[in-house]
Amino acid sequence: MEFLRPATWDEALAAKAEHPSALPISGGTDVMVELNFDRHRPSALLDLNRISELTAWESGRYEGQEGEVIRLGAAVPYTRITRELSAELPGLALAGNTVGSPQIRNRGSVGGNLGGASPAGDAHPALLAAGRDVLVEAESVRGTRLIPIDEFYVGVKRNSLEPDELIRAVRIPVADGPQQFSKIGTRNAMVIAVCAFGIALHPKNGTVGTGIGSAAPTPRRAVEAEEFIAGELAERGLWQSGGLIGPAAIQRFGELVAAAASPIDDVRGTAAYRRHALAVMARRTLTWTWNEYTQSLRSAA
Amino acid sequence: MSTIRTEKNLQNITTAHPDGIGGSPLRPDGILKVRGEFAYSSDMWHENMLWGMALRSPHAHARILSVDISEAVKHPGVEAVMTHEDIPGAKYYGLEIKDQPALAMGKIRYHGEAIAIVAADHPETARRALAKIKVEYEILPTITTEEQCLDPETYGYVHEPDEYKGHASGNVVHSQKLISGLGVTDEVRALADVVIKGDYVVGMQDQAFLGPESGLAVPAEDGGVDLYIATQWLHVDREQIAPVLGLPENKVRLTLAGVGGAFGGREDLSMQIHACLLAQRTGKPVKIVYSREESFFGHVHRHPAKLTYEHGATRDGKLVYCDARIVLDGGAYASASPAVVGNAASLGMGPYEVPNVNMLAVALYSNNPSCGAMRGFGAVQACFAYEAQMDKLAAELGMDPVELRQINAVEQGSIMPTGQEIDAPAPVADLLRRVKALPLPQELDTTHLDVRDIPGALSNTSHGEGIVRGVGYAVGIKNVGFSEGFDDYSTARVRLEVIGGEPVAMVHTAMAEVGQGGVTVHGQIARTELGVEQVTIHPANTEVGSAGSTSASRQTYMTGGAVKLACEAVRNELVALGRKRYGWDYNDLSLVGGKVVSASAGVLVPIADLLGDTAIDLTREHHHRPTVPFDKETGQGFGHVQYTFCAHRAVVDVDVELGLVKVVELAAAQDVGKALNPLSVVGQIQGGSTQGLGLAVMEEIVVKDGKVRNPSFTDYLIPTILDTPPMPVEVLELADEHAPYGLRGVGEAPTLSSTPAVVAAIRAATGLALNRVPVRPEHLTGTGE
Amino acid sequence: MRVTFTANGREVEADDVWEGESLLFMLRERLGLPGSKNACEQGECGSCTVYLDGAPVCSCLVAAGQVQDREVRTVEGLADPEGGLDEVQQAFVDAGAVQCGFCTPGLLVQSHDLLERNPQPSDNDIREALSGNLCRCTGYEKIMDAVRLASARKCSSSEVSQ
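Chains as they are written, first to last, in my numbering: chain A, 259 to 559; chain B, 8 to 792; chain C, 59 to 220.
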């Protein structure tokens, strides 16, 4: 096994081009488990810890994305996301705060979740919910490729990166409405998601974003649920009135979220439970975000 | 030339403190532990040491057709590869029944059974070498369910009939019947106004001690082996290791290295024989450290159980009879199964007077992981079932569940279903009264929500929705010490001499300090008995006689008792020295504050002056009062040394929509006879309660067709600090006159009643029957097994 | 490979490190610093917690090579240079928070970090901060007591010094 220690991003890209099978390691919170438990022996480890721009974020405006965008370095640890970006990226900040333990959150990052592409990665539902224009910056010596988040996850623990590409950053629009994230685990801390759900209200364009974790081969959005609830809110003029969504629509939203999942029975939970819990989390988080939205309307009035 | 890393706990630990028994002096090993200098078994290190590792079967039941080690042997950095063919001595070992091969011979009986071992210069070298060993298997159908185990004609034998040892036959490791009163007949049933039946299941719990199995075997010049090891019982390890190595016991010397928790899981051997075999073969020190994954395959677990109970009672709540059957899955090898069966049968009625009993407890061989000792064994499984029965009965009768228990509670003088009289305090009703009388925790404040207070916590699953509170009670009974006629004993050596002008007592035992604080208590006993401040604890090893196991809540009773006896002998000799020298004829002498004191004449002489250059060095054995085996057919007999009782009240919040649970408070009351160290006593009760909480709501090794599906801390969950609530503890001290200082073993009882109390509280919140532990979100939401 | 870094204020060097080795293994087996513990090696127990450039991390999940030129502080580096225990260490001994002690080193580093950031944590703050450190012996009550005690002592000593 080789251990590659690029000092700069350009060196990292060059190293990845030269060793396409090298496994990038940043926080190590997934990679090292694989190594310690003898599940994986890559030809080389590509250490990204020395590349300081990966642990920085900036806000700005970017082509192809509306409004202000956070360009989140791939290796910004979850602790910092929760501490520094809970106003701009509230869904991701909440999700980040459920990752592993405080020690894990000091090392783990969105880049790692994306690189591993495990359906249980906590960042995914929040990223999906944040909007279809969330973009993953994949870079190689060949240049930069912006991958829409909906096209990023392609299979169980598989993503759409090319072998010579590394994740430089994720571009996430700053929240224009309330966001929430809920996750099920069978204890009250330090759990891998049995299933998880992210939701984001987007009052600017009248859409609702969702993301489902750990209940399908890949993270996915609940498209029908999104369309259904956006339709309800639009048809009934609720975005403007801030009126109650009502139990029937909330119930239906939950059902559609559950229906969007294709969970399996495994050691962490049954498929039936996952569907059930997704429906409950969908109902609750929709209620929370909508209450927050209506309060903001009232306080703005 | 450096040898073993000379951390201080492998030498003497000295503490100076005025506190004798009843005080809470600080642990003598505490400073080393907080500095990170305490040497645990996995910290052992030796120049030129090799790393040992085992190849384990991916199948639960298979015939081994061939093992080809040729490629592994050639792997650079590998110094030895061994299979059963290379074992110089006996091929089998075992705690009670020698039925387990040190390395698999011909057949695999459980997932993870060791087949070959490797010694290499680095763990990674060893792993790569293991990967080069080629094993051909003929996979056999697994024998895993009760039905399959009990029908060997159809489904086969885990051990061939001619291989059976001890009492075992068929696929039954051990069974125990118990009949008392009139048994349970139609006539007896007719005496009951109400009948409650229930089928209960207890999942396979793991000890999940944090320090993985590990140790260092160092070959000695005399052809023997020195083993530095984390274990619960040095001498019984040696008894099992030496024959396999083909060595006399005196050439296998064990020293206790730091033990990172035990809870029963270190009562059986794990890597001991393998490390010694490799050290013998290579002539080099060999260290083995299990990974967490290997640890799940490397030790026995708590027996999963199926329990069928039928209770009859009168309308006013008096129990009339109990008919019960407990089936314990012992897995591939016997381990402690016979003792677990004995406990389940004899304690399976709980701390209740039940006039008529018919009980059968049985442990089966299967192709599941081997099960053996874990905190409270046999009694834990039964307690979950009989306490669920009590709640059901109370509900049926419209009675308060605590009152129902109190009406039927045993007390001093009660006769157990075994016919044994409880001849020491048994304050069962009072313990229940005490936990019930404690103030209840505050209601959940939904106006100032902190998600950390509610089920799901930071996972942010509820902002108050779906939360229902429940309260539940339970009480249990556990035996202390080894039962059924076993002449359990412990040995202590105490040396009193003057060092630097001060009298210093040195206590030497083979007691395994696994975290429980035995070393603290030994210092306290020596101070109390010898009136000294300075006590030195000698490292535990096999140079002194056996201390028995650190298990069965017995160690303070047994080895504490031995230390007391040895101290008394030393004191007598010291006093005799004084009588001889000064012609004392006082009969009221004691040793206090470093002086010999007469109650009538005051201070006579400092101990240091009396001793001078003399060292008094005496060894004593402590035996408890004798017990007898239970009658095979009726279960009758004076089988237990001592009983111990603990009661719990659990308060839980349940998110009834999501099936998530947060235990809000877990209060306990326990009679400890005499709290030799009150701080440690409370620590034991809280720790034991938490393991019971874990079994109630999360802990289970999931096994399917003999395969372990969650051998990791990612998927075998134990309670975190956010799962564990405040735990108020009431400690009673009603002396047992048969025991040293009147003490009562503490460690296990809290593990019993905690589980059923938590589940009772969840039942109260949800109205669900919940006949299985651990309770999973699926059970609370009707979404599957 | 060779790895050079600072451990507890001292420059250290490890040779012949296998590329897949963890920081934990390197500390324990190559540098004579076995205080950080090997309980799960999958980031689920916190027993191996060390400071890496000032942030507590699971040393089992840091590749040895990643600490080149960086600063690591382990449980062995909590006491002052003269050997006096840190307040957190003393409080763990005093409160009875140590039983088998295998979780203790990780809990100490994590508690130390908590009190550095938040000298007067609420009970929930303590629980949240320590939620990645498993203890199998104590049921955590004495650990709560220890952190409360360390917090009280820290606050009263800083009042005195002011």
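Hints were generated in silico from the structure; no laboratory data involved. Each hint should be verified, as a subset may be incorrect.
Think about it this way: if two alpha-carbon atoms lie no more than 27 angstroms apart in a straight line, the pair counts; the simulated DSS-like pairs of lysine-lysine are [to be verified]: (1) A:K415 / B:K714; (2) B:K141 / B:K714; (3) B:K81 / B:K98; (4) B:K639 / A:K415; (5) B:K313 / B:K639.
Model, not experiment: these values are computed from the prediction.
Item checked: Restraint status (C-alpha distance of K639 of chain B to K415 of chain A at most 27 angstroms) -> Answer violated: K639 of chain B to K415 of chain A is near 57 angstroms, above 27 angstroms.
Check: Keeping to a limit of 27 angstroms between CA atoms, is the pair of K81 of chain B and K98 of chain B held or broken?
Finding: Holds - the C-alpha atoms of K98 of chain B and K81 of chain B are around 26 angstroms apart, at most 27 angstroms.
Next item on the list: Assess, step by step, whether the Cα of K141 of chain B is no farther than 27 angstroms from the Cα of K714 of chain B, and give holds or violated.
Entry: Distance ~21 angstroms between K141 of chain B and K714 of chain B Cα, so the pair holds.
Item checked: Holds or violated: K415 of chain A to K714 of chain B, with C-alpha atoms at most 27 angstroms apart -> It holds: about 24 angstroms lies between the C-alpha atoms, which stays within 27 angstroms.
Notebook entry, point to check: Are K313 of chain B and K639 of chain B close enough, with their CA atoms no more than 27 angstroms apart?
Noted result: Holds. K313 of chain B to K639 of chain B sits at ~21 angstroms (cutoff 27 angstroms).
Violated hints amount to a single one, hint 4; each of the other numbered hints is respected by the structure.
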